[in-house]
Structures are given as C-alpha cells and as structure tokens.
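**Q** Sequence order for the protein chains is A and B. Going by this note's numbering, the residue at position 14 of the first sequence is 14; the numbering climbs one at a time, nothing skipped. All you need for this note's numbering is the position in the second sequence, starting with 1, plus 109.
It is worth saying that the hints were derived from the structure and are not from the lab. None of the values given here were measured: they were computed from a predicted structure. Treat the hints loosely; a few may be bogus.
[Stated by the list, open to error] Calculated from the model, a selection of chain A residues having no Cβ within reach of chain B, i.e. all distances over 10 Å:
hint: 1; residue: His42
hint: 2; residue: Gly53
hint: 3; residue: Asn71
hint: 4; residue: Asp83
hint: 5; residue: Val84
hint: 6; residue: Gly94
hint: 7; residue: Lys96
[What the hints assert, rightly or not] Using C-beta positions, here's what the derived DEER-type ranges look like:
hint: 8; chain 1: A; residue 1: Lys108; chain 2: B; residue 2: Ser174; range: 22 to 28 Å
hint: 9; chain 1: B; residue 1: Ser136; chain 2: A; residue 2: Arg60; range: 43 to 49 Å
hint: 10; chain 1: B; residue 1: Ser136; chain 2: A; residue 2: Gln14; range: 40 to 46 Å
C-beta: ideal position from N, C-alpha, C; glycine also.
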Amino acid sequence: GQQVMQIPQYQHVQEGEDFTTYCNSSTTLSNIQWYKQRPGGHPVFLIQLVKSGEVKKQKRLTFQFGEAKKNSSLHITATQTTDVGTYFCAREYGNKLVFGAGTILRVKS
Amino acid sequence: DAGVTQSPTHLIKTRGQQVTLRCSPKSGHDTVSWYQQALGQGPQFIFQYYEEEERQRGNFPDRFSGHQFPNYSSELNVNALLLGDSALYLCASNVIQGTGNTIYFGEGSWLTVV
C-alpha cells in the first residue's frame, strides 16, 4: 500500500565509519523525500528525489532513487558526531507525507 | 524570515481534558498540515488545511479537529484526551504547487497526558 519501510531501525557506528539507511516501497513512488531529526528536535528537510535512478550529493551525504522508483537510500561517508539523529524517508501520498519509521544513527567518538 | 512557529512548546494535560495547539506557517505559505509523532515513530498525518478548509484527513478520530484562519495560521484541537495522545505534534507548511512540495516543519508542541 502506501507505507514505506526503512532498514535498519538502529545503527551505532564509530566516528569515521560509513552509514547507509534504506527505504523500500511495494508500489512505485512519485518522489521520495529525506528528513533528519536531531534528538529532541523536529524533522528537517534534506532532499527530494524525483527521477528514476537519480543520485544527489550533499557534502558527505549521497542520496539515490532506484531505477524502478520503489526504493531509495541515504549514505553518509565518514560519519561525524554531528550526524547523530533519526533519518526518515517519506513519500507523498495525495496531499500528505507518509513517513517511514526512521533509522536512528548513533556515532561513537 | 520566520519559519513555522508553534505554541505552546510543552504542555501537560489530564486525561479527559481538551487542548488547543497553534501554528503560524512560514511566510508565503498557504497550506498547513498537522502531524502526530509518538515516541520512537515517524510522524503520522492528521489533516491538512488550505483556504480555511480541511483538504485531507488521516486516520484520526473526530476528537481531533482543526481550523485555519484567513491569515493561514492554524489550530489543532483535541477533545477528551487519552493517555495515548501523548506525543509531539508537528505543524508543517508549504505552498501548493503540484507534487514535490518542500515542506517545512515547526519545532513542535510536546503534549503529555497524565
């Protein structure tokens, strides 16, 4: 249906290691959005992917949209303590956003 | 340019009471949506307002109601509060422009029902 599934639920990495979270849908997505929520904070928009196979980069963050537009990933290279938080993917469904459950990232310094 | 502002930031209510949360959208935005985020979960869509009308509603009971004013600000009202209504309530605003809208979230109102 309209849900998006995110894996893993939780990841604890050593500072400097890479991190990847995946977002999957059983149906084709018109677009996928990614948000970051710091502990105690609110979701902050990171990026939107629209085209099949699209890849976008923001400094150490790389976002991909699958060829079939049913999955997406967010990869962080060389994590830093400032990357700590929960990363959500969200799909547009009508006039609303449907969020995944999020991946919690913890970084050990 | 102020972003999305919400009030109050934190509040504690007793089961059975009623609560009103307020939201001012980002300047230039005409559409306001409300989301509920329970601890450890992603935000869940409650409803959206555009041109002072409820445009779409999520899977929430009638105890949840809202309003949008001519200046685009919005209120979320919850009646007969239950313990399970304890959550972060997020207001989000955007400009309606087809798909792919960039949505801005406020910092939220933390509601605790005891």
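**Q** Hint by hint, note whether the structure agrees.
**A** Tested hints:
1. His42: 5 Å, violated
2. Gly53: A:Gly53 clear of chain B: closest Cβ-Cβ about 17 Å, beyond 10 Å.
3. Asn71: 17 Å, holds
4. Asp83: 19 Å, holds
5. Val84: 16 Å, holds
6. Gly94: 6 Å, violated
7. Lys96: At about 4 Å from chain B, A:Lys96 fails to clear the 10 Å cut-off, so the statement is violated.
8. A:Lys108 - B:Ser174: 22 to 28 Å: 45 Å, violated
9. B:Ser136 - A:Arg60: 43 to 49 Å: Violated, at about 31 Å.
10. B:Ser136 - A:Gln14: 40 to 46 Å: 42 Å, holds
Violated hints for the displayed structure, listed by number in ascending order: 1, 6, 7, 8, 9.
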